[in-house]
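From first to last, the protein sequence lines are chains A and B.
Mapping the first sequence onto numbering that gives the first Met the number 0, position 234 (from 1) lands on 233, and the numbers just tick up by one.
Mapping the second sequence onto numbering that gives the first Met the number 0, position 19 (from 1) lands on 18, and the numbers just tick up by one.
Please keep in mind that the hints were generated in silico from the structure rather than gathered at the bench.
Since copy identity is lost for identical chains, a pair holds within one copy or between any two.
25 Å max Cα-Cα, derived BS3-like pairs, lysine-lysine:
no.	residue 1	residue 2
1	Lys-40	Lys-207
2	Lys-99	Lys-207
3	Lys-29	Lys-207
4	Lys-29	Lys-64
5	Lys-40	Lys-59
6	Lys-40	Lys-29
7	Lys-40	Lys-25
8	Lys-166	Lys-40
9	Lys-31	Lys-207
10	Lys-64	Lys-31
11	Lys-94	Lys-145
One letter stands for each residue in the lines below.
Protein chains: 2
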Amino acid sequence: MEKLTLNAVGKLIPERINNEAVIPFKGVGKYKPTGRKYAPKISSNTDFPLDGNKQVSDLKTALTKAGLKDGMTISSHHHFRNGDLIMNQVFDIAKEMGIKDLRWFPSASFPCHAHLIPYLEDGTINRIEGSMNGALGKFTSEGKMKGTAILRSHGGRYTAIQDGEVKIDIAIIVAGTADNFGNANGVNGASASGLLGFALGDSQYADKVIVLTDNMVEFPCIPWQIQGNYVDYTVKVDKVGEPEKIISGTTKITKSPDRLLLAEMTAKFCDQADIIKDGFSFQTGAGGTSLAVSKYFGDIMRERGIKARFARGGSNEYLVNMLQEGLIEYILDGQTFDLEGVRSMRENSNHVWTSPFTSYNYHGKGNFAGKVDVVILGATEVDVNFNANVVTHSDGLLLHGIGGWQNCLFSKTVILPIPLFRNRNPVILDEVTTIVGPGELIDVIITERGIAINPLRKDLIEKLKDSDLPIKTIQELKEEAEKICGVPEKPEFTDNIIAAIKWVDGTIIDVVRQLKK
Amino acid sequence: MEKLTLNAVGKLIPERINNEAVIPFKGVGKYKPTGRKYAPKISSNTDFPLDGNKQVSDLKTALTKAGLKDGMTISSHHHFRNGDLIMNQVFDIAKEMGIKDLRWFPSASFPCHAHLIPYLEDGTINRIEGSMNGALGKFTSEGKMKGTAILRSHGGRYTAIQDGEVKIDIAIIVAGTADNFGNANGVNGASASGLLGFALGDSQYADKVIVLTDNMVEFPCIPWQIQGNYVDYTVKVDKVGEPEKIISGTTKITKSPDRLLLAEMTAKFCDQADIIKDGFSFQTGAGGTSLAVSKYFGDIMRERGIKARFARGGSNEYLVNMLQEGLIEYILDGQTFDLEGVRSMRENSNHVWTSPFTSYNYHGKGNFAGKVDVVILGATEVDVNFNANVVTHSDGLLLHGIGGWQNCLFSKTVILPIPLFRNRNPVILDEVTTIVGPGELIDVIITERGIAINPLRKDLIEKLKDSDLPIKTIQELKEEAEKICGVPEKPEFTDNIIAAIKWVDGTIIDVVRQLKK
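Let's have the full structure, built from the sequences with the hints guiding it.
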């Protein structure tokens with residue numbers, strides 16, 4: 000059996016994954032890269048049409064011209080989320096061409112991609128390196144994928160591309176609007192899905208770049224969220240995606256009294272911690288609880304006549320309304336979670352599209368995360384050391400991606416409002432099934448039965464010392480949960496590593512093992 | 000004496016310049032780069048402030064922290080044109096610190112930089128690689144610069160950075176507005192000068208990047224034409240530049256009957272060549288004649304009820320008016336030539352900022368130049384093979400830069416409206432003093448006494464065969480000029496090469512020699 004090394008959060012990490020050497024997590028800020036960014040080949044205009052028209056007849060032609068062959072890495076982005084119509088076609092074509100052993104490198108995959116399971120079984124696709132939501136995660140958890148999955152945060156994915164850790168052979172970029180030169184955006188057209196930021200690194204560093212659209216306009220396609228100067232081929236198709244399926248989370252503020260309580264406690268905590276003041280910044284999210292937190296933030300701001308300098312999206316109707324009302328000066332958006340978000344991004348120049356490069360790249364000269372005053376995140380599990388899990392459920396199944404979650408941990412204050420238990424499973428444990436975020440970066444756990452502040456945040460403990468909120472230790476919260484639900488049973492795993500969880504710096508913070516039947 | 004090689008336009012090129020091997024021009028589209036783009040060092044957020052605040056107290060501190068030392072390459076951009084207030088200070092500081100042998104790599108230099116002549120004399124600055132307008136050009140022509148000047152087009156400069164031909168140690172970026180993280184733009188603030196596109200490559204590839212502004216706003220500075228994720232230090236100064244000095248060319252349509260005639264002939268030629276039609280695109284420029292051409296284009300469009308899909312800027316009041324009137328759908332702008340251009344770029348989302356990467360990079364996957372239907376350019380001299388000169392005068396003095404001129408030659412039709420003679424010097428010669436653009440890319444020469452179409456453009460000759468315009472051969476035009484002015488005397492040069500002229504692909508198309516006293 001392979002040699003395993005203990006990493007800085009006490010997890011056993013193999014020396015190699017997918018036959019490549021990996022680096023175990025060394026602690027936050029402890030691993031520094033050496034060397035230089037990945038250097039793509041220098042192109043020459045002489046190899047491209049003089050008039051700039053790069054349009055080819057169809058996707059198969061583009062893939063063929065791009066030199067699709069065994070063992071290549073195909074990247075894609077997930078702005079259409081569960082409404083993507085292209086990636087299944089890409090691998091249908093690969094299968095038809097008899098191509099084997101591909102690495103799929105999406106920024107995320109969704110239930111709609113369950114179509115690809117036969118290709119994972121027959122070896123057309125060796126493995127997925129990217130967030131897996133739903134069926135593909137279950138398939139992987141059952142040990143059925145040939146290669147080992149690698150999960151990266153949105154920022155970690157950009158970093159891996161920039162650093163040359165992942166070399167993309169062919170990038171597939173799917174856009175609401177494009178011109179035949181390859182300039183493209185996600186804000187215009189019948190299939191507008193918002194922005195194309197997750198594909199930015201792919202466009203910059205991939206060997207070949209293919210842009211598909213169902214709305215091919217005359218040059219120039221404005222705005223050019225993707226620049227045609229990086230693009231090799233353009234393709235017009237009938238329909239690129241179903242934008243109505245980009246919705247994430249619930250689209251309405253929760254009506255559950257428990258969740259409303261969580262949201263109210265979160266807003267109250269932020270208020271008592273002096274976070275909500277004129278010019279502050281926040282990131283909440285798109286779940287029902289998060290929407291409620293935004294609502295309570297709005298109530299407080301309105302009452303005091305203050306406004307936020309910016310909010311980080313995932314945007315949706317609620318955040319857009321706050322922007323329009325003037326409660327927020329800017330939305331810095333990484334992903335639109337509903338069509339109101341798309342419309343606002345198209346029409347309002349204060350609704351700004353970002354990318355994992357600007358927002359989250361850890362191997363840059365800083366990123367935007369550290370500029371955010373407070374970020375409200377979720378978790379499937381938290382442990383008594385504040386380590387948190389977002390990828391596996393308490394039954395051990397790998398069902399979620401990391402998204403921007405890890406990257407956001409570098410914000411000034413990180414709060415996780417979570418229920419104390421779900422389906423009688425305590426959420427606060429001695430050890431989380433998978434460590435995705437190290438506890439030192441997680442400041443506050445808010446449950447319906449009490450709030451735990453990370454002992455490292457002495458400033459917050461001091462500020463809240465006379466609070467009427469139920470401040471407790473995390474140990475107390477855990478015991479309270481166990482009093483109600485009992486001590487939870489742990490899922491049982493085999494030794495087989497089915498997925499690796501990367502930290503933002505490219506090191507391995509944890510692995511996920513195959514579930515025992 | 001050094002060995003010289005004949006290049007593809009018959010010019011003798013040395014093997015080495017500034018002690019680096021150079022490649023002689025091989026013909027349009029004949030030289031293809033191998034290898035990979037320049038790969039900057041991978042940074043780590045751990046080396047930058049957690050809260051993203053990179054502001055230091057002053058320029059000298061920033062330069063010191065950036066490690067300024069002998070032999071470094073300092074880059075700058077010329078959006079303030081003759082109103083730049085920073086670069087003289089940079090070299091004042093270098094002089095004060097006793098630094099020697101710097102390479103200054105500006106996108107262009109202007110008369111205001113004559114201040115630097117003592118530093119060129121005392122060896123603080125070894126040489127300038129960038130367009131020199133005025134006194135610095137004269138200084139160079141007199142053989143007084145220690146190193147050899149290298150002149151590149153705007154696109155060639157980006158390409159040189161991207162390809163690693165020029166490695167920038169410290170990039171100086173001067174912005175109308177910025178935040179302390181380093182996001183910056185040129186559209187807002189009292190010193191708004193338009194855009195920052197010429198500094199894009201510098202920001203992406205330089206080892207250290209310093210952003211200066213006199214309008215430091217709270218994060219986020221929107222739009223971020225320069226992304227703070229590339230920036231090392233930010234500095235607030237009292238005043239970055241004098242935007243009222245960005246004016247280029249005349250600001251009014253010419254009243255000279257000769258020039259108006261040239262402009263009218265140009266518009267008429269374009270019309271008869273079927274170039275002016277609904278959805279066409281054009282680039283004129285900012286001189287008095289060019290403004291008149293735009294005006295005549297506007298008259299034709301208005302009369303026919305058609306509009307242009309886009310115009311390429313240098314923008315100014317005239318182009319902005321056409322945009323506002325709806326005669327042009329988009330301005331794709333590389334440089335604002337007056338404050339109306341700045342205002343329009345700030346307020347009108349159809350007035351789009353570009354960069355030499357999007358517009359002009361020849362070592363990319365195409366660029367925008369080939370998308371432009373017709374471009375109207377100037378020249379100091381043209382020869383009977385349609386080769387043209389824009390950098391030296393007929394007296395042999397190097398007084399101008401290349402700008403985007405070479406890059407624009409890849410547009411679909413290139414027209415040079417020029418007077419047949421200037422100050423009794425014929426403009427059409429047997430041989431130009433310096434070849435900056437190869438004749439095969441120059442389609443039409445329009446003079447007040449006749450129009451010459453390049454024999455390569457059989458399509459244009461055919462279209463104009465029944466024209467009432469005075470179509471002649473270029474030989475006829477030359478003879479006509481000589482009949483009036485006599486055969487011109489040539490300037491006399493020593494053997495000393497004082498400047499090299501790069502073609503867009505990085506090869507040397509010509510050199511400029513020191514003038515004999």
